[in-house]
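Taking the hints into account, I'd like the entire structure generated from these sequences.
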Amino acid sequence: MNNRTTAWPLSLRLAHWLSAALVVGALGLGAFMVLAVHNAATRFELTQVHKSIGAGVLVLALMRLGLRCVIRAPKPESAARTVAILAKAVHVSLYFLLLLLPLSGWLMVTSTPVRVPTVVFGLFDLPYPLAPDMVRFRFAHAMHIVLAVALAALVTLHVGAGFVHARVWRDRTLARMSLWAD
Amino acid sequence: MDCSTVARGLGAVCLSVLLCSVDAHSATPAQGWRIDEAQTSIGFTIDAVGFPTTYGHFAHYRGRLLIDFDRPVKSYTIFTVDAASVDVGSPSFNDFVKSSALLNVERFPTMSFVSTQVEKIDAHTARVTGNLTLLGVTKPITFTVDVATDPAAKGRAVAFVAKGRIQRSDFGMKFGIPLIDDALQITVKTRALSDE
Numbered sequence: 001m002n003n004r005t006t007a008w009p010l011s012l013r014l015a016h017w018l019s020a021a022l023v024v025g026a027l028g029l030g031a032f033m034v035l036a037v038h039n040a041a042t043r044f045e046l047t048q049v050h051k052s053i054g055a056g057v058l059v060l061a062l063m064r065l066g067l068r069c070v071i072r073a074p075k076p077e078s079a080a081r082t083v084a085i086l087a088k089a090v091h092v093s094l095y096f097l098l099l100l101l102p103l104s105g106w107l108m109v110t111s112t113p114v115r116v117p118t119v120v121f122g123l124f125d126l127p128y129p130l131a132p133d134m135v136r137f138r139f140a141h142a143m144h145i146v147l148a149v150a151l152a153a154l155v156t157l158h159v160g161a162g163f164v165h166a167r168v169w170r171d172r173t174l175a176r177m178s179l180w181a182d
Numbered sequence: 001m002d003c004s005t006v007a008r009g010l011g012a013v014c015l016s017v018l019l020c021s022v023d024a025h026s027a028t029p030a031q032g033w034r035i036d037e038a039q040t041s042i043g044f045t046i047d048a049v050g051f052p053t054t055y056g057h058f059a060h061y062r063g064r065l066l067i068d069f070d071r072p073v074k075s076y077t078i079f080t081v082d083a084a085s086v087d088v089g090s091p092s093f094n095d096f097v098k099s100s101a102l103l104n105v106e107r108f109p110t111m112s113f114v115s116t117q118v119e120k121i122d123a124h125t126a127r128v129t130g131n132l133t134l135l136g137v138t139k140p141i142t143f144t145v146d147v148a149t150d151p152a153a154k155g156r157a158v159a160f161v162a163k164g165r166i167q168r169s170d171f172g173m174k175f176g177i178p179l180i181d182d183a184l185q186i187t188v189k190t191r192a193l194s195d196e
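Taken in sequence, the protein lines are chains A and B.
As numbered in my numbering, residues 1 to 182 make up the first sequence, in order.
As numbered in my numbering, residues 1 to 196 make up the second sequence, in order.
Listed next, the stretches of chain A that the computed footprint assigns to chain B, with coverage defined by at least 3 CB atoms under 8 Å from CB atoms of chain B:
#	segment
1	44 to 54
2	109 to 115
Distance ranges between label pairs, derived from CB positions:
#	chain 1	residue 1	chain 2	residue 2	range
3	A	Gly25	B	Asp95	19 to 27 Å
4	A	Ala31	B	Pro178	19 to 27 Å
5	A	His16	B	Val49	36 to 44 Å
These are computed hints drawn from the structure, not numbers from a lab.
C-beta: ideal position from N, C-alpha, C; glycine also.
Spelled out as structure tokens, the structure:
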């Protein structure tokens with residue numbers, strides 16, 4: 001009998017890596033455009049792209065949660081209890097942030113008095129369900145920044161853990177998520 | 001934006017302080033003066049919270065100037081600006097500025113300025129008051145105009161820098177307040193040339 005743990009289903013692996021690309025893109029672009037772009041037109045254009053990517057992150061997170069409900073996750077590599085608990089906590093927190101961060105951005109763009117339409121990847125208009133409100137906007141803005149920093153920290157931890165699994169403990173945790181996993 | 005409209009209006013006023021009749025768009029000479037389009041810009045700036053200062057200008061405008069150096073009070077100007085010619089630096093940003101949230105160019109394709117009073121403050125400064133029409137609303141506005149003759153041109157070239165400020169909410173443009181400033185700075189730089 002083969003003792004090797006099985007890989008994640010292809011659908012979840014694809015969703016994971018696409019989500020990873022979008023998250024890194026949204027975080028990097030968000031930080032760059034706010035901290036380094038001082039030209040109004042460029043900031044405007046990048047903000048539109050950032051909003052589209054954020055919408056993609058939200059859609060993918062919902063899709064992944066849906067898939068997790070119908071597809072059983074493969075049995076994890078054996079690990080110390082504390083490591084397993086920590087890993088679970090990080091993964092659950094990542095899912096929460098993948099939902100809350102784009103939602104806080106959505107709350108920003110619907111609450112701000114500077115209501116610029118969000119045409120997601122040029123395909124459709126993101127609905128703005130709430131009326132502008134400066135107090136709510138300031139809250140959403142603060143939450144967006146805090147959640148972004150938290151997500152960046154968790155992503156760093158997540159990537160670091162993958163490296164440790166692959167290179168230090170030399171188990172299949174990272175390999176099972178590879179797009180080329182067998 | 002309305003800013004640029006104002007700016008155009010200001011520019012027109014400035015020219016009127018000193019000169020004759022000029023069509024800025026076609027640069028048709030009038031009474032011996034014409035606008036040096038290469039040295040002309042009708043611009044505006046507006047600040048915002050958490051967003052870089054936006055600089056914009058209007059590419060298309062038409063203006064007429066009646067300028068009387070000896071009796072500045074007789075000077076007069078009318079400027080009309082093509083709202084859709086606004087340029088804030090990128091196509092999608094331009095489209096947003098042209099939308100109903102701001103310039104609403106479909107409903108209000110032009111902005112205009114008509115001077116009502118030109119006063120000489122000193123040898124290098126004039127004050128031009130007039131009516132600015134933006135988004136269908138007409139309000140008085142005053143511009144301070146710096147006037148400089150070009151010694152090298154032997155009196156055949158006069159440069160103007162007109163500056164004015166409006167509260168855009170006066171014209172019904174309330175979008176983005178208070179994150180985007182209500183105050184809008186208009187700066188018109190131009191140069192009038194004499195063919196005589």
